[in-house]
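S.K.: Spelled out from the first residue to the last, the chains are:
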Amino acid sequence: MSKTNPGNFFEDYSVGQILNHATPRTLTEGDVALYTSLYGPRFAVQSSDEFARRLGYPRSPVDDLLLFHVVFGKTVPDVSLNAIANLGYAGGRFLKPAYPGDTLSTVSEVIGLKENSNKETGTVYVRSTGRNQRGEVVLEYTRWVMVRKRDKASPAPEAVVPQLADRVDPKDIGAAVPALDISAYDYAQAGAPYRWGDYEVGEKIDHVDGMTLEEAEHQMATRLYQNTAKVHFNQHTESKGRFGKRIVYGGVTISLARALSFNGLNNAFHIAAINGGRHVAPLFAGDTVYAWSEVLEKAELPGRTDVGALRTRLVAVKNQDASTFPFKKDDGGYADGVILDLDVWLVLPR
Amino acid sequence: MSKTNPGNFFEDYSVGQILNHATPRTLTEGDVALYTSLYGPRFAVQSSDEFARRLGYPRSPVDDLLLFHVVFGKTVPDVSLNAIANLGYAGGRFLKPAYPGDTLSTVSEVIGLKENSNKETGTVYVRSTGRNQRGEVVLEYTRWVMVRKRDKASPAPEAVVPQLADRVDPKDIGAAVPALDISAYDYAQAGAPYRWGDYEVGEKIDHVDGMTLEEAEHQMATRLYQNTAKVHFNQHTESKGRFGKRIVYGGVTISLARALSFNGLNNAFHIAAINGGRHVAPLFAGDTVYAWSEVLEKAELPGRTDVGALRTRLVAVKNQDASTFPFKKDDGGYADGVILDLDVWLVLPR
Amino acid sequence: MSKTNPGNFFEDYSVGQILNHATPRTLTEGDVALYTSLYGPRFAVQSSDEFARRLGYPRSPVDDLLLFHVVFGKTVPDVSLNAIANLGYAGGRFLKPAYPGDTLSTVSEVIGLKENSNKETGTVYVRSTGRNQRGEVVLEYTRWVMVRKRDKASPAPEAVVPQLADRVDPKDIGAAVPALDISAYDYAQAGAPYRWGDYEVGEKIDHVDGMTLEEAEHQMATRLYQNTAKVHFNQHTESKGRFGKRIVYGGVTISLARALSFNGLNNAFHIAAINGGRHVAPLFAGDTVYAWSEVLEKAELPGRTDVGALRTRLVAVKNQDASTFPFKKDDGGYADGVILDLDVWLVLPR
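Residue numbers (my numbering), protein chains in the order written: chain W, 16 to 365; chain C, 16 to 365; chain S, 16 to 365.
Treat the hints with care, since some could be wrong.
It does not matter which identical chain is meant; a pair holds if it fits inside one copy or across any two.
Claimed, not checked - Dumping the calculated DMTMM-like pairs for lysine to aspartate or glutamate here, alpha-carbon to alpha-carbon at most 20 Å:
| # | residue 1 | residue 2 |
| --- | --- | --- |
| 1 | Lys-343 | Glu-315 |
| 2 | Lys-18 | Asp-213 |
| 3 | Lys-186 | Glu-315 |
| 4 | Lys-18 | Glu-215 |
| 5 | Lys-245 | Asp-221 |
What the hints contain is simulated information worked out from the structure, not anything from laboratory work.
The shape of chain W in the complex, shown without the other chains (with noise of 0.2 Å):
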């Protein structure tokens, strides 16, 4: 019997299933620093220790988004290695914040499963949990792969699709952000002047730059969260693929967006919920990434008066600029260019 591990296939999964992942995860400056140079994020609370210890954290969070790949790249080995596509994430919850030191383990309840007409392919819900060394919850959120039967005629099973909502409830967000001394708060350090107050719902952002990705960044990105899946390394096989070509792990794309966006959500400085995203295309080395956001919803947070959450749509494009806010077409599909829809809370200081 092989050792390796072939992943597994549609017929592997049933709904209640639990996936412990492999393997557990320290996070240090090290990885901070990667994450920094890969992406170029300029957020102060995650840049300065100082920083952010006046506003009451201990020292710097490590980037929201570096937390999610990691739980994320634990999955793929048990989740997504014989996936044919990732097809989207919902009501992913930042809980906790997590500081070099920390070690992330992930864990996984499969949560709905249904075949396609085709019968080579089903999707699998999955709702994946990360958890620090205590055993607290950092991070939470589901998603749906479409995974390879091994067996066209294995016999399918009973539907399940959970229940999705549009949107984390406000009063569900926050946890992450400890009670903050928002007077601390130095705008002309953070970069722009701009409060939750500031910003009104329906207001569009082009975040303006654009940034180049090659091959070695969008591999030693992946390898740094463990992320195993074989689209994003392999040459020798995808040449003979479907695009000819290496594949970049999407996270990688919502990290290049998510970086851009600094400029014009200066003070936006932690995601507290995914509501929902999509991959709308892939993006390839030697593509340039560009972003723009909008507003589309504003909420207090139940208790806060230190910091209040913005609900944006975060789209990334590749190779032209987002200056037009490309999204859809008339038809309801998505522009060209468009690779990213990604509905999120954003928190900054009011």
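Based on the hints, put chains C and S in the right spot on chain W.
M.R.: Positioned in the frame of chain W, the structure of chains C and S alone reads:
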């Protein structure tokens, strides 16, 4: 009104204006490892905590140029986002060592302005000061850049061109080096026996080795410093630009040349001052960098017998080795292939 | 007289000669993060401080190969700057774990010399010893390289060829693994249930995955180890060289193959010894590396019931998968595509 930063144009500056730059940045061991990985420096003081401690440092200080790049990077969004050229450096002094855990921030003062005769651009002189979390000045330097005017018709400001000394006076350098127990300096571990007294004014040193630069490397370096200048990152726009490709941040050239200079200046462990500097020609990914040095001057440091200073010209060239010491042509212009002319004070054991 | 290092030629070596290598190097969490980012290892002991602590380590030790590369890198300026080929390794023993904060230095002794019949080159055998800041030996190994003579007319030294054992005796390995509370070893977190007892001599394991290497990746890795061999970095000279391109440091191949071997050897968390090794063919950027292992021998470790040792042959191949276990041709030569043949002792739970 846009919440994004359009950068400043020539009209936006006035002499005496203070620019408080975002984003404060805590240096870590992760930054140090990336710096080593990107350039390959081998100076023992910066490489070994044990070596540094035996001399009298609390631990290895971070490379002077990592400090420089982080302090410099912060100035880009306010000073050089619309710059056409980074014209020069002068009067740079390293005044305190920085260690992992220190948080750096930068403030600049506009000290000169001069419109160019074409009325389309002007030169802006800024004096930038990097401070640590205790408010101590770790680095100060002057640079001047050519910046576009927003409107050619804007009236020219009164021309103010600061007096810039040819060199930093040796009595003003060396403060970043604590009093050292130089008897503990292990020359075998440091890689060569040559001390201050072994170098002669006029001596030229070919640093021999060449290093080819990749796009991923200079992008990762430049993001690590949170330097956002567009020309380094955006192939989509640069493909239509002056060179058809991304331009490498000049600081990458400086760091590569400095790391190469270890071969011949092994014990010159500290850059105490940047007397002056010019990026003579652009560097691109795929180019190979070589370097040579000439000893211009030797100086004792007031009251110190542990270390002395060498003033050297560090010249970087590309795509040709440095064995012929390429520098200037008969007409006074730089020879083909020269990309950097940097005049520094180095500190080494006596 | 030149102050730069021209490297040693064959005539410069004598048996018994001691080489004190520069530069001492303090390992940090930054190095560990870069190592993860460059190769993607997933062994739980090295990845999670919590996992390591539950077993009895004070924290995660650094990857054995990071330790190896740093110790090895120091030898390059004195041993292999003028080397034509790195011929082999033998007798490597990992004797102490290393942790972030430890400072490594390396001393080598010349233990053999043999001029080649062409009188233009010779083989130099060195025994290198890596020590930590307490003077404890963390690693020792023998390697031999083919080095150019400065002058063909120089007289040949008396040939001394050291006796090199086929393998390290199992009674001499395992000292780097503290006594472990192996009942605390969590196989789900480690990624697979297979222990020492589950492997059979003769068993072959295809590690399945392939990894394509980029220029930026191997250059960043090799600089991280302060390995200065010119062939890895200088496209300007290598474009006119034997292969027309940069040659990847052989240690990068070893690390890639080792990281790939996690898939099938998930619990073999420690390399205790390098019995022997050969870089069979060069690796270049753009190549895709695959790996397979064969179990050659099993051994108990004296007085230990917590862990046992597997002697395995780790074979790396390029641009073809390893499912057919490519190794040698009928004539005894290596099959096309084989790039590494490494004989190691691995330690895993019993």
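S.K.: For each hint, tell me whether it holds in the structure or not.
M.R.: These are the hints, each one checked on the structure:
{"no.": "1", "hint": "Lys-343 to Glu-315", "verdict": "neither (30 Å within a copy, 64 Å between copies)"}
{"no.": "2", "hint": "Lys-18 to Asp-213", "verdict": "between (57 Å within a copy, 10 Å between copies)"}
{"no.": "3", "hint": "Lys-186 to Glu-315", "verdict": "within (8 Å within a copy, 58 Å between copies)"}
{"no.": "4", "hint": "Lys-18 to Glu-215", "verdict": "between (56 Å within a copy, 12 Å between copies)"}
{"no.": "5", "hint": "Lys-245 to Asp-221", "verdict": "between (34 Å within a copy, 15 Å between copies)"}
Going through the hint list in order, the structure does not satisfy hint 1, though it satisfies all others.
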